[in-house]
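Peer 1: If you want the building blocks of each chain, they are given just below.
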Amino acid sequence: MSDILTPAFIVSVLAAAIAAGTALLYACLGELITERAGILNLGIEGIMLMGALSGVAGCLWSGSAWVGAAAALAAGALMASIHAILTVGLRANQVVSGLALTIFGTGLSAFLGRNIVGVPPPESFRRLDVPGLAEIPVLGRILFQQSALVYISFAVTAFLWWYIYRTRAGLRLRALGERPEAADAMGIDVTRLRALYVIAGGALAGLGGAAISLGTNPGWTEGMTAGRGWIAVALVIFAAWNPARAAIGAYLFGGVEAGQFRLQTAGVDLSPFFLNMLPYLFTILVLVLSTREATRRALSAPAALGRSYTREDRG
Amino acid sequence: MAEPGLLRGYRIERVPSPPRGSVAIITVLSLLAALIFGGLVLALSGENPLTIYQAMLSGALGNWNGVAETLVKTTPLLLAGLGVAVAFRMQLWNIGAEGQLYFGAIFASWMALYLAPGAPGWLLVPLMIVAAMVGGGLWGLVPGILRAYFGASEIITSLMLNYVAILFSDYLIHGPWRDPQAFGFPGTPAFPDAAWLPRWGTTRVHLGLLFGLVAALLLWFLLRRTRWGYEIGVMGENPRAALYAGMPMARTIILVMALSGALAGLAGMSEVAGIGHQLQRNLSPGYGYAAIIVAWLARLHPIGAVLVAFLLAALTVGGDQLQMSLGLPAAIAPMLQGTILFFLLGGDILTRYRLVKRTPALAAVTRENEPA
Numbered sequence: 055m056s057d058i059l060t061p062a063f064i065v066s067v068l069a070a071a072i073a074a075g076t077a078l079l080y081a082c083l084g085e086l087i088t089e090r091a092g093i094l095n096l097g098i099e100g101i102m103l104m105g106a107l108s109g110v111a112g113c114l115w116s117g118s119a120w121v122g123a124a125a126a127l128a129a130g131a132l133m134a135s136i137h138a139i140l141t142v143g144l145r146a147n148q149v150v151s152g153l154a155l156t157i158f159g160t161g162l163s164a165f166l167g168r169n170i171v172g173v174p175p176p177e178s179f180r181r182l183d184v185p186g187l188a189e190i191p192v193l194g195r196i197l198f199q200q201s202a203l204v205y206i207s208f209a210v211t212a213f214l215w216w217y218i219y220r221t222r223a224g225l226r227l228r229a230l231g232e233r234p235e236a237a238d239a240m241g242i243d244v245t246r247l248r249a250l251y252v253i254a255g256g257a258l259a260g261l262g263g264a265a266i267s268l269g270t271n272p273g274w275t276e277g278m279t280a281g282r283g284w285i286a287v288a289l290v291i292f293a294a295w296n297p298a299r300a301a302i303g304a305y306l307f308g309g310v311e312a313g314q315f316r317l318q319t320a321g322v323d324l325s326p327f328f329l330n331m332l333p334y335l336f337t338i339l340v341l342v343l344s345t346r347e348a349t350r351r352a353l354s355a356p357a358a359l360g361r362s363y364t365r366e367d368r369g
Numbered sequence: 023m024a025e026p027g028l029l030r031g032y033r034i035e036r037v038p039s040p041p042r043g044s045v046a047i048i049t050v051l052s053l054l055a056a057l058i059f060g061g062l063v064l065a066l067s068g069e070n071p072l073t074i075y076q077a078m079l080s081g082a083l084g085n086w087n088g089v090a091e092t093l094v095k096t097t098p099l100l101l102a103g104l105g106v107a108v109a110f111r112m113q114l115w116n117i118g119a120e121g122q123l124y125f126g127a128i129f130a131s132w133m134a135l136y137l138a139p140g141a142p143g144w145l146l147v148p149l150m151i152v153a154a155m156v157g158g159g160l161w162g163l164v165p166g167i168l169r170a171y172f173g174a175s176e177i178i179t180s181l182m183l184n185y186v187a188i189l190f191s192d193y194l195i196h197g198p199w200r201d202p203q204a205f206g207f208p209g210t211p212a213f214p215d216a217a218w219l220p221r222w223g224t225t226r227v228h229l230g231l232l233f234g235l236v237a238a239l240l241l242w243f244l245l246r247r248t249r250w251g252y253e254i255g256v257m258g259e260n261p262r263a264a265l266y267a268g269m270p271m272a273r274t275i276i277l278v279m280a281l282s283g284a285l286a287g288l289a290g291m292s293e294v295a296g297i298g299h300q301l302q303r304n305l306s307p308g309y310g311y312a313a314i315i316v317a318w319l320a321r322l323h324p325i326g327a328v329l330v331a332f333l334l335a336a337l338t339v340g341g342d343q344l345q346m347s348l349g350l351p352a353a354i355a356p357m358l359q360g361t362i363l364f365f366l367l368g369g370d371i372l373t374r375y376r377l378v379k380r381t382p383a384l385a386a387v388t389r390e391n392e393p394a
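Chains A and B supply the protein sequences, listed in that same order. Residues in the first sequence are numbered consecutively from 55, following our numbering. Residues in the second sequence are numbered consecutively from 23, following our numbering.
Rather than coming from a laboratory, the hints here were simulated on the basis of the structure. Note that the structure is predicted; figures quoted are calculated from it, not measured. For every residue, glycine included, the Cβ atom is placed at its ideal position computed from N, Cα and C. It is possible that some hints are incorrect.
To be verified - Here's a subset of chain B near chain A, in silico, CB distances under 7 Å, partners left out:
| no. | residue |
| --- | --- |
| 1 | Leu168 |
| 2 | Thr179 |
| 3 | Ile314 |
Using the sequences and the hints given, assemble the complete structure.
Peer 2: Following this line, the structure appears as structure tokens:
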């Protein structure tokens, strides 16, 4: 065991944590802005799968990973628009609609992807060192010897943090989730904006799928997201609806994933089945702890989360 | 209030309690719309939807063999669907039926192979039923406790436990419970004959179906005719009122989750004792997830769940047949299941709201009531 805990090993695990956590981060940010707008989307797993498939398909069709990423964004947005129509437009039950989206996305991606299972995409997002920054000792290796999708996720996280906490539009977004009645009274079109955020969130989750299928694990296989969409939903609670904390959570899980793989190759004497349980058990633990913390420090969910808004019901 | 042009002169009114007839009509229309939409998706991906639907229908219900297979698949869908329905009644979103099914199967196998392998059938089968309900119940209890005492979302915890249960089952099959004499696919040794549920004639339809029907009746009685069933409904619809009425929320959350898990666990027992006669990989092709659709399509009604479980079983068997007859993936079935749920959810708005023509007097009243 002593050869595991060398500095070089730790740095490589941290770098791998960021690489593996990026898919989770995109998905988590997508769910985060959706929930900030007051809508719960449990369809993230299905959206990610469609994103992963569309990423590979787009890349196979065009030869470019960037086209694949764009296809994943579009597929995510399209999937989420079903949820938007049902929950925002028709005020359907958000829990059941999200579950339906996951079941639908799982089945549809398996059906549509039947002919490209295991076909390697012609291009994927490979390591792309940032000139200069990559040479910084330790930090350079961890943060700046990553792929383009990772760098974009840094930017998206920073942008969303700024957007939510520092702009007028972000204030409106928070109003949608906290008090849609007040937002409506302020002249905000609640229905339209909520729908837009659900769709934008779906696009991010779709890109999260492509971060796997064109990033860490190139190619398409059925159900390849393996529950990451659900972990992303749990992470939003850990993140207390804050994009910066979402990044911390996503990298923590990326670390569990990366560490689990490395423990396996280091020959740790634990059944791989138990090692594979770690991310799921860890999710439960993190969820319980962060729910407790959220209650104690009043970092609660958007007040109107999960509640559909109808003007007629306004009290 | 600015009305959209389309609705000028009308207003949308909430229907207090939708009549049963209209709910049934909407359900059937939603099903049809879902099939049409699913057909479009299939057509767009270059398949002929009519050929596919016909192959699915004849595969599932076109001959006695198909009907029997549909009944075989009805069993786990019904039992797990009942479990999901009882939790959903209390607005407890237990989506861990899949894992609870696996744990039921694990406990039943434990009983049959290691705890009471020598017991005669009249004793062993009931023991396995109890073991499975305890196993599934424990697996449902965990998210229940985490929700009741820590406020952790049962949606996430119950789902995470699905993955854990399946991995644990795989561990047992590949590790301590592996049949050393087995070649090829790993699995436990076969159960003693006494643990095999009797089958109907030469078909694979087994006693588990009866468990499902009995469970549906018992659950209907529990929900409709007992005080506890009534309280579950109140706590789901209006937790604040339930709290003021002094109903024991935390205890009921835990009990309902355990009951929900126990029913799914029974589904797992009936699969291993009725079909596989051993614990093996891929025990369930997602029955626990389809159970959510069964529950919702049946409007959380236990008797309705019988019909819906049969319907979804036919869809599943039809999907399996596609693989053999047309070489198409069985994933078409879950895709259609998801679509059905979409249309059902969308169709529900027609039962919950109605358009009322705005008469001048009524319009004045509405305007008066509008907050400034």
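Peer 1: With a cut-off of 7 Å, does the beta carbon of Leu168 (chain B) approach a beta carbon of chain A closely enough for the hint to hold?
Peer 2: Holds: closest Cβ of chain A sits about 6 Å from Leu168 (chain B), inside 7 Å.
Peer 1: Interface hint check: Ile314 (chain B), Cβ to nearest Cβ on chain A, cutoff 7 Å. Holds or violated?
Peer 2: Nearest chain A Cβ about 6 Å off; hint holds.
Peer 1: If you take the shortest Cβ to Cβ gap from Thr179 (chain B) to chain A, is it below 7 Å?
Peer 2: Holds - the Cβ of Thr179 (chain B) comes within 7 Å of chain A, reaching about 5 Å at its closest.
Taken one by one, the earlier hints all hold for this structure without exception.
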